[in-house]
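Taken in order, these protein sequences are the chains called U and E.
For the first sequence, our numbering puts the final residue at 209, and the numbers step up evenly by one.
For the second sequence, our numbering puts the final residue at 1633, and the numbers step up evenly by one.
Because the hints were derived from the structure by calculation, they are not lab data.
Since the model is a prediction, treat every value here as computed from it, not as a measurement.
Positions of the beta carbon are idealized from the N, C-alpha and C atoms, including for glycine.
Hints may be right or wrong, so weigh each one.
To be verified - Label-pair restraints from in silico Cβ distances: (1) U:Asp149 / E:Leu513: 57 to 63 Å; (2) U:Asp149 / E:Glu559: 30 to 36 Å; (3) U:Asp149 / E:Ser588: 53 to 59 Å; (4) E:Asp436 / U:Asp149: 33 to 39 Å; (5) E:Gly558 / U:Asp149: 44 to 50 Å; (6) E:Pro410 / U:Asp149: 48 to 54 Å; (7) E:Ala1181 / U:Asp149: 54 to 60 Å; (8) U:Asp149 / E:Asp409: 51 to 57 Å; (9) E:Glu1116 / U:Asp149: 30 to 36 Å; (10) E:Gly700 / U:Asp149: 41 to 47 Å.
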Amino acid sequence: MSSPDTEVTQLLVQWSEGDERALESLLPIIYDNLHRLARSYLRRERPDHTLQATALVHEAYLRLVDQKRICWQNRAQFFGVAAQLMRRILVDHARAQHADKRGGDGIKLSLTAADRIARLRNVDLIALDDALKALAEIDPQQSRVVELKFFGGLTIEETAEILGISHATVERDWSMARAWLRREIKKSDR
Amino acid sequence: MDPERWQQVKEIFHMALGREPEKRASFLDSACEGDAALRAEVESLIGSHEEPDGFLDTSTLELEATSNGEGSREPVIGQAIGSYNIMDRLGSGGMGAVYLAQDHRLGRKIALKFLPAHVTRDGHSLYRFQQEARAASALNHPNIVTIHEIGECELGHFIVMELIEGRMLRAMVRQRPSLESVMEMGAQIARALGVAHAAGIIHRDIKPENIMVREDGYVKVLDFGVALLTSGPFSGNDEPPDGATGRILAATAPGVILGTLRYMSPEQARGDHVETATDIFSLGIVLYELSTGHHPFAADSQIGTLNAIATQPALPPSRLNPEISPSFEALILRMLEKNPALRPTASEVSDSLLARGERPAQAEARAQVSAGRRYSVGRERERSELRQAFDSVAAGQGSMIAVSGEAGIGKTTLVEDFVAELQANAESFIFTRGRCSERLAGSEAYLPVLEALENLLRGELADVVARMMKVMAPTWYVQLAPFVDEDSSDSRLRADIKTASQERLKREISALFQELSRLRPLVLLFDDLHWADVSTIDLLAYLAGKFETMRVLVLTTYRSSDLLISRHPFLQVKRDLQARGLCHQIMLLFLSREEVERYLALEFPSNNFPREFPALIYSKTEGSPLFMVDLARYLRDRKVISEEEGRWTLARSVPSFEQELPESVRGLIQRKIDQLSEDDSRLLAAASTQGYEFDSAVVAKALGLDAEEVEERLHTLDRVHSFVRLISEREFPDRTLSLRYRFVHVLYQNTLYGSLMPTRRASLSASVARTLLAFYGDQSSAIASRLALLFEAARDSEQAAHFFRRAAQNATRKLANREASGLAQRGLGALMTLPESAARDRQELMLQISLATPLAATTGYGAEEVERVYSRARRLAEELGETSKLFPVLLGLWLYHHVRAELGEACEIARQVLKLGESSSRPEMVVLGHIYMGYTLTNMGDLALALDHFERGLALFRPEYQPVYDSLPMADPNVSGPTGMALALWLLGYPNQAMDRMVEACSAAQKLNHPAGICFADLFTAIIHQLRGEARQAAERAEAAATRAKEHGLSDIHEWATIWHGWASTLSGKDPNGTDLMVETLATQIVCGANVLRTHSLALLAESFAATGRPDQALRALDEALALAAGTEARAYEAELHRLKGELSLERGEAAFAEAERSFMRGLGIARAQQARSLELRAMTSLARLWNKTNRKEEAHRELRKVYDWFKEGFDTSDLKAAREVMEGG
């Protein structure tokens, strides 16, 4: 696989300096990375091979984490990207599912995490994504906190580290953002 | 909402939350100051905040991990399912709910587990799960839970299994059981895994939740094969959509993997192919956790854990629990080895745990022995020597340890144990290794080095290494490029390495190692150095020279007798390094009798062997470790040694089997082979034909067997019979997937291969070669030398010759000229066996041409071997009418004759090039013909004609011919044309134009970035400076030429440059001993047959001797030069020789005036005949100076004036200045 590491590094630096467009360029590269990995797995697949499909996403993560050791300014940046990526993957997928249910030509899958998350926890990912976008308009920091914690699975400490703010602030942002989002999503349900 | 308003909401929201709920209303009253909208907003947010639905509390990753249970409907208590009655719910795990049920058919209680619908939806994985679960259950092992049935009902798929009344191991983690019971449980789990692994079953999901401990202490491993179900969506039937996003999401779905992520092995985490070693890693984590209470890779987040599993070493468990013995710790750490190949097997784990568990008193005795895989006895001193060497390397001083001893003495074992020990001690270091191959001995340049680099590029620090290599060792990086990622910067790298040289290769790698060793000490292991190629040995010697600046420990192993017999170059290098204190030798001897006894005591703990048994083993094996270990195993396999009630005993008396024992380790191996089934021995024979390391896919295809069947059989040969070891999985260029194996010892491969009948050996070699050829397709030249050797063994001389030629070309590209010549010569040898035919001759022609270039590069162009090769090639090309092939051959021959100053022959060949070029319309060759002709004529003193040829040649040159010249030695007209012309021009009396041409030649060479061209132009610039009397500039240019020539192994140019530099530094008084090096170099040139500049060189030597007051030696040099000029027609400098001789005579005073005058007159005569005005002026100046002294001033002035007045340029050169002085001063 080609190594776009210098490009990725550059984009990460830009992104950490607040250039959101850098992220827009970064995500396709990581996506691309994932696609290629997936293909290479499928090519190698044989009946007697266990395909650890889950490992795909993690492999992509790990590759990036590994590079972090050399050129990423800090570990936190990686989590930041991972969170964005998770959000994008899940939401995109939920949209595709949604389209499919309405007879669209989206990707057909038997069962997906997005489905189950949605069904089990009353989380409508599409609505959540929309609400998060609205929140970002009003309070970008709160929106990032949610993204990192919910989509990235980060702890309060990690989130604080990434955003360069205190624990207390993260906790406050989190509780308010969650309250706000829950309310907004309910509103839109009606 | 505007920001200010939002800020307000935020503040009030948080402040309200900080208050007790009942006080919030009054707080809001005052805080909102009557702003109803504000209050409503905050209140609605608080309301939303208080909702207890856990909204967003669990992150997406964790959601996936916990959301499995849904999808299957649940049975109710009392419900009948087939012959089972649900009695109670026992609990639920990641893989569904478990119920207690009564089997009323058999009247027993069983456990019934429902599989979640989503995991059974994929038919393929369900099928595989059923297969594996049944197979594991069929093993009927007391530590594996028994599966009674796998059934299906309207509620879904379910498993009926043995009911275990006990606790989950998870519960015990918290209770911190005693270390003894941890070891005891670990041994039981490892035994379960051992039998499963032997049957080819991998658990894939070992974790405390999958292990039950019964009240009576029996441990049961659950859920074999269940992990297979989790690969569902990906191994299903539907094609992957191109947008893999959906796929990836699906891939994340099963969740169980995420749930047990904490017990994943690094290879699972990476999604690599998983082998039995994955279970060992997971068990390692379980044991670590049980004995310390801590998870070895604990981190704040899931991804953190995953990252730690994949990259971070575990903290030695004794830091958390000091009671853990060093040996148990070493075992755990080895189980947690990132590299699956380095982990112990399940049976090794159970063996060592049992040994420890049962006899804790002996634990410490074992601690000295490396844990796990095998028992080592003795070698304590050697290991401590290695340890010391490592410590001093870590402290900054590199060193080499050469471990020597006979085959089977345990060299590799010693070194591997040592490395394992370092790893077990959590030392921080980088390790890589390369092995020399018997098959490829000496033919594959840098084989072990390239292997070591490749390992680095695939290892833990792959990214760092790749980055460093691109910068510091681009030439090597490009060599390895087929193995590494395609990269856009590669083309730049490739262009950059056009100027590569052997020196540069060495410099690059030492810079790389230096840099790497700055990160961590570097341990390099090179095995079997007695089969190393010359280039590798050179490189090791070079590295050793840099040890002061790098933290590198080079470990080498070799068989001393092989080294002596083959008079291998490493012998000398090792001695030199030892003398310089850079290398220490560890000589391994056979084990002592006591050590043999100790080994048996370790291998068979608590035995009651009779006293004569160790004595017998010792006398049979003479303490050869390999023989001893294999003999012990042989006896155990034959049940002569057996275990009864935990004690090892001899089943038969010593005398009764003594006679049956094999006499040698080879004999033993042969017996083991004889005991194999016919199929297995056929398989191993094919494997041994491929080599010490071989591929399952190659063996399968070569024998026409099913690939999977071969893999299975190799698996058994590995696990059960210990013939082979799995190394890795790999993919051939045609995408064929294969498992790479290695024989347990090279003697096994030797014996198997040696026992093949000649015809069988040939046919197997042919099939293996053809298979490899098919797998590599158009990339087959990458393994050319392997193919060549296989085809040679297959007696397919045609193919062998073809691949030897490709291999020779590969080696030439690696600048490994000696190996290249050797390969080409071997190819020629193969051709000898073929009947005469045009096709054969054509192949020979190509081989001879491939041989000539590297041969000339190592021996010099004037060597007779080179001429033999070219002459043969010429005859072949002429017979075959291969005109195009004739050109390089003729050019090579011209160089040979020209360099040897066989100018008549050289002239003749140049003429043929011209003729052939014209008749076959190859104008680019006509250009070269003219230039070559010009050179030869210049040296013969036919200067005007020479100049004419140069001019005609250069006039014909067109830029589009350029590519043709790139592949020919010393052939670029832009460099060689003006260079040759410069010499002719100077002689003809145009010192300035000569210099102009040289400037032109230099800039052309620079532009081409062609090292040989640059050297050549530098050398001739030095020569022109010398002729112009500019010693300082001559010295500079000669030095530049010498340095570069040395770097690129251009010995001819290096020698000439040394001579010119010697002259310049002697004359400028810088180096009174400059003549010594000149004399030495001239002597070397005689050996190489390089004569072309010899008369000129001798003249310089004479001048240098004269300038340092040694006229006798000067005279001898001149006499030699004159004799040479007369014998070789190399007359270009002859006039000057006479003049110098005259000057020498003058030193003897008036008595010799007449003699001097005669010499000057002769010089003058020759110079005039050649129209060599520069030399004429010199001779005339000398003569005039003499005449001035003998009262013939007028005549002197007149004659000198005549010569001087001809000159139109160069008035500031020393020759014209000297003439003016003589004319003016009188």
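We went through each hint and held it up to the structure:
1. Look at Asp149 of chain U against Leu513 of chain E: about 58 Å separates their beta carbons, and that is inside 57 to 63 Å.
2. For Asp149 of chain U and Glu559 of chain E, the Cβ-Cβ distance of about 42 Å falls outside the hinted range of 30 to 36 Å, so the restraint is violated.
3. With their beta carbons about 56 Å apart, Asp149 of chain U and Ser588 of chain E fall inside the hinted range of 53 to 59 Å.
4. At roughly 34 Å, the beta carbons of Asp436 of chain E and Asp149 of chain U sit within the given window of 33 to 39 Å.
5. Taken as a hint, the range 44 to 50 Å holds for the pair Gly558 of chain E and Asp149 of chain U, whose Cβ atoms sit roughly 46 Å apart.
6. Taking the beta carbon of each, Pro410 of chain E and Asp149 of chain U are about 21 Å apart, not inside 48 to 54 Å as hinted.
7. Range check, Ala1181 of chain E to Asp149 of chain U: Cβ separation about 56 Å, and the 54 to 60 Å hint holds.
8. In this structure, Asp149 of chain U and Asp409 of chain E break the distance hint of 51 to 57 Å, their C-beta atoms being roughly 21 Å apart.
9. With their beta carbons about 56 Å apart, Glu1116 of chain E and Asp149 of chain U fall outside the hinted range of 30 to 36 Å.
10. Between Gly700 of chain E and Asp149 of chain U the C-beta distance comes to about 46 Å, which sits within the given range of 41 to 47 Å.
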